Amino acid sequence: MNPFKLLISYTLTDTAIQVHTLGGFLLTEVALADIGRVHHGFQVIGLNEYWLNRVDLWHSAVTLQRKHGLIRNLVITPDHPEQFLATVRSLLRRRQG
Numbered sequence: 056m057n058p059f060k061l062l063i064s065y066t067l068t069d070t071a072i073q074v075h076t077l078g079g080f081l082l083t084e085v086a087l088a089d090i091g092r093v094h095h096g097f098q099v100i101g102l103n104e105y106w107l108n109r110v111d112l113w114h115s116a117v118t119l120q121r122k123h124g125l126i127r128n129l130v131i132t133p134d135h136p137e138q139f140l141a142t143v144r145s146l147l148r149r150r151q152g
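Heads up, the sequence shown is in the working numbering, so the first residue is 56 and it goes up one at a time.
Read the hints as simulated data drawn from the structure, not as lab findings.
Treat each hint with caution, since some may be false.
Each pair of labels, with its calculated beta carbon distance range [stated by the list, open to error]:
no. : residue 1 : residue 2 : range
1   : V99       : D69       : 18 to 26 Å
2   : L140      : I100      : 20 to 28 Å
3   : L77       : N103      : 19 to 27 Å
From a predicted model like this one, the values you see are computed outputs, not experimental measurements.
Where is the CB? At the ideal position from N, CA and C, for every residue including glycine.
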């Protein structure tokens, strides 16, 4: 069992991606309208905001690149990165069009 999974969770809504901690406290939220790009993996260079629930970062990291803000990259580690990416991309397409 992954002990980190109990500490951090991710929620997709129709308008945002939310990061919650144990007990359901909201740590951060990224509006879908503020996402410029989403991709599998991450870059070590530059400022990134990390909310991880897994230790295998190289295989499970998903980066959400914001359009605005000082720290534009949010790196998360969902359980099923490819499925998460497909869902986020679908939500973004639906918002655009």
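Structure-based check of each hint:
Checked against the hint of 18 to 26 Å, the pair V99 and D69 fails, with Cβ atoms roughly 32 Å apart. Between L140 and I100, the C-beta spacing of about 22 Å keeps the proposed range 20 to 28 Å intact. At roughly 22 Å, the beta carbons of L77 and N103 sit within the given window of 19 to 27 Å.
Checked against the numbered hints above, the structure breaks only hint 1 and satisfies the rest.
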